[in-house]
Amino acid sequence: DGGITQSPKYLFRKEGQNVTLSCEQNLNHDAMYWYRQDPGQGLRLIYYSQIVNDFQKGDIAEGYSVSREKKESFPLTVTSAQKNPTAFYLCASSIDPTGGETQYFGPGTRLLVL
Amino acid sequence: DAKTTQPPSMDCAEGRAANLPCNHSTISGNEYVYWYRQIHSQGPQYIIHGLKNNETNEMASLIITEDRKSSTLILPHATLRDTAVYYCIVRVVEDNTGTASKLTFGTGTRLQVTL
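As they're listed, the protein sequences go chains A and B. So in the numbering used here the end of the first sequence lands on 188, straight run, no missing numbers. So in the numbering used here the end of the second sequence lands on 950, straight run, no missing numbers.
The set of hints was computed from the structure by calculation and includes no laboratory data. Treat the hints loosely; a few may be bogus.
Stated by the list, open to error - SDA-like mimics (lysine to any residue), calculated; alpha carbons at most 25 Å apart, straight line:
1) A:Lys83 / B:Lys838
2) A:Lys144 / A:Leu101
3) B:Lys838 / A:Asp170
4) A:Lys157 / B:Ser876
Please model the entire structure based on the sequences and the hints provided.
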């Protein structure tokens, strides 16, 4: 089956810890994205990557880091510098490097800081 | 990307058509109208998009007014599984500067389908 997978579905973090969220796609899409969603709110863009070994900051990149070493993988690290990390994190991908094509989303990871 | 305005919530009886409106009065000529929906605690699901012509696919129909300042998403026979938050988004598609990459989600319309 082709698609986008995110793991884990739920993640608990202690304050001060870094944590990495996984996002994998087997759609052969060039572009990948990370969004954050807070309760009752829309999505906000954290980082995006249009090609391997390249990525750009979105609207709320502070406290987050990413890497794009492989086309199919775009992990997101939530660092201790992110002051309010509890949220629903969504990964997406699109076939077109410009991001112009439709973005398809994974099932999401819910992060809770203890 | 242009801003959109949607009603916060709507109800629809199962089996009836659900008509979800969206205003995008500041839309530019090179901006498309996209619709996504998000069922509780899941990732958003793409539904349909269009530029100026009406569009139909297996999920829904999209009606865009002639002046492109508003649109309506139509679910022809709503079922309980269509209960979700529906997002209307306008975005530039053909742009090589990277600004096309962002989808700007508002708070959407919460559609409740009832028996």
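These are the hints, each one checked on the structure:
A threshold of 25 Å between alpha carbons decides the hint, and for Lys83 (chain A) with Lys838 (chain B) the separation of about 31 Å lies outside it, so the pair is violated. Using a Cα cut-off of 25 Å, the hinted pair Lys144 (chain A) and Leu101 (chain A) holds, with the two alpha carbons roughly 13 Å apart. Restraint check for Lys838 (chain B) and Asp170 (chain A): the C-alpha separation of about 24 Å stays at or below 25 Å, so the hint holds. Straight-line distance between C-alpha atoms of Lys157 (chain A) and Ser876 (chain B) comes to about 23 Å, which keeps the hinted pair within the 25 Å bound.
Comparing the model with each numbered hint stated earlier shows that hint 1 is the single one that does not hold.
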